[in-house]
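S.K.: With chain A held as given, fit chain B onto it using these hints.
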Amino acid sequence: MQEFMLLFRNLAPAEAFSSSPEEMEKSIPLWKNWIKGIAEEGRFVSTAPLEREGIFLTKENQTDGPYAEVKEFVLGYLVFKAKDMNEALETAKGCPMISDDHGSVEVRKVAPFSMG
Amino acid sequence: MISSQKTDLDHLFRQESGKMVAVLTKLFGFDQLEIAEDIVQDTFIQAHDTWKLKGIPDKPVSWLYTVAKNKATDLLRRQQTKRKVDAHLRTAIPVEYSITAHLEQAFYEIKDNQLRMLFAVCHPAIPEEAQIALALKTLGGFNIQEIARAFLTTKEVINKRLFRAKDKIRREQIALEVPEGEALQTRVERVLKTIYLLYNEGYHSASAEVVMRKDLCLEAIRLALLLHESQLQQDSDVCALLALMCFHTSRFESRMNELGQLIPLGKQDRTKWNVDLIARGTYFMQSMNFERLSTAYELEAAIAYLHTLPDGEEKWSAMLALHDRLLMVKNNTNIHLNMALVISKVRGPEEALRYLQRLEGVESNYLFYALRGDISRDLWPTQAREDLQKAIALAPLEAERAILLTKLQAIRPQT
Chain A
1 MQEFMLLFRN
11 LAPAEAFSSS
21 PEEMEKSIPL
31 WKNWIKGIAE
41 EGRFVSTAPL
51 EREGIFLTKE
61 NQTDGPYAEV
71 KEFVLGYLVF
81 KAKDMNEALE
91 TAKGCPMISD
101 DHGSVEVRKV
111 APFSMG
Chain B
1 MISSQKTDLD
11 HLFRQESGKM
21 VAVLTKLFGF
31 DQLEIAEDIV
41 QDTFIQAHDT
51 WKLKGIPDKP
61 VSWLYTVAKN
71 KATDLLRRQQ
81 TKRKVDAHLR
91 TAIPVEYSIT
101 AHLEQAFYEI
111 KDNQLRMLFA
121 VCHPAIPEEA
131 QIALALKTLG
141 GFNIQEIARA
151 FLTTKEVINK
161 RLFRAKDKIR
171 REQIALEVPE
181 GEALQTRVER
191 VLKTIYLLYN
201 EGYHSASAEV
211 VMRKDLCLEA
221 IRLALLLHES
231 QLQQDSDVCA
241 LLALMCFHTS
251 RFESRMNELG
261 QLIPLGKQDR
271 TKWNVDLIAR
281 GTYFMQSMNF
291 ERLSTAYELE
301 AAIAYLHTLP
311 DGEEKWSAML
321 ALHDRLLMVK
331 NNTNIHLNMA
341 LVISKVRGPE
351 EALRYLQRLE
361 GVESNYLFYA
371 LRGDISRDLW
381 PTQAREDLQK
391 AIALAPLEAE
401 RAILLTKLQA
411 IRPQT
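Top line first, the protein sequences correspond to chains A and B. First residue of the first sequence? That's 1 in the numbering used here, and the numbers climb one at a time after it. First residue of the second sequence? That's 1 in the numbering used here, and the numbers climb one at a time after it.
Because the hints were derived from the structure by calculation, they are not lab data. Wrong hints could be hidden among the right ones.
[As the list claims (entries may be wrong)] Far from chain A, some chain B residues (derived; all Cβ distances over 10 Å):
1) Ile93
2) Leu152
3) Thr308
4) Arg412
[As the list claims (entries may be wrong)] Some chain B residues judged to face chain A by a derived CB distance under 7 Å, without partners named:
5) Ala92
6) Pro94
7) Glu96
8) Tyr97
9) Thr100
10) Ala101
11) Gln105
Note that beta-carbon positions come from the ideal geometry of N, C-alpha and C, so glycine has one too.
Extracted from the complex, chain A is given alone in its bound form (with noise of 0.2 Å):
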């Protein structure tokens, strides 16, 4: 098993994902099935949403959130453990993320680590 990671981002200006009320409350069964069948193939890791508040920092430049110029930005992330890329990109293609018109999800391996 190898570690993998998936960054869940939107591709428009900060203001187009905020799904109404009810588009949400339609997600969630989605994305709580998806993660408890992760789960319960023990190949969860960890994971989180991120707040839309945040700074993007560059050498010449400070802006403070929510983006509005930043053509997309990250939502979350969910580290995972799969046997190969193959099995991690088709955990990736059950996100909900994807159904989502402004969704993507970018799939990363984490690169091991060892000493020596």
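M.R.: Below, chain B alone, put in the same frame as chain A:
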């Protein structure tokens, strides 16, 4: 509800509620023990009401877990939304997602949680008698009434003990975790002691309810297995305690007759001994070096093992050596009494009586008089008769008084 269903539910409650409380406590925090207990209790009330109408579902355990998880989710969501005005809008991912992630993960790690709970319950700041009550309540799923019956006391007394324990947990901010480093070693000793006391409570308890006592013994074994499987450290004492409990429990069915009277070891029907448990006990003995037994658990396990073997000179002289060493690490009246019995087997009754003569603080101990009566039976019947009468007057259990009376009547009449 028909009564067999009720028994099923009671059994299920014992099995599952401890696990559920441990899991939920991890989520809510050890200082929020009541919340976890409330959720589990509500879950079982709901099960009781629903199953009464619809019958017990195919997978009762997953039914219970699903209901408990839903209740926990509702509560957590209420807590979270109270903290943030509109959590959804601020995170764009529903709070139920994070709650489910942690809840499911906690249930997946059910054994780890029970272990953390066991270690926390055995924190040195919590008084010993409260530890056992707390372990039975939170890990074993026994209710207050049952714990009170096991301790032969009232619900109020148990409630008071539990309240004091929970108060300590809050004030000392005891964390729900397995300690590390040197603290681990000390805590493991404490955990072993609690399990040992819990087992003895079940095995020797003056409570006459056989089913309840066996449940206590099995719960002690389950907790020791949990500790053993965790592989937290080199665990020769854990193995010794497990072996000891397996050997004793193997005789659970044979040590009482149909009338509930206790049968002494030597008179028990050996074919009724549970062979599986003896085999398991022997398995746990394997890691022990018989030449170098040093702790009380190891020595007591070895003694219990010898008891499973047929009688013989070799067995009793090995017993003598083991009791000698046991008395060097643990000094209590029961061991001295056992020692006297062993001496009577190896060196004869006169030597054993001399040994008993030297014991102190046994004036009101019925076991002392019962044993002395037994040992002097053939040589000094008058003394034996007096001793047995004293023992009968002092014995707390009807089952024990009955067996003593039989012995008294068997002493040959004075000539």
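S.K.: Of the numbered hints stated previously, which ones are contradicted by the structure, given in increasing order?
M.R.: Checked against the structure, the only hint that fails is number 1, while the rest are satisfied.
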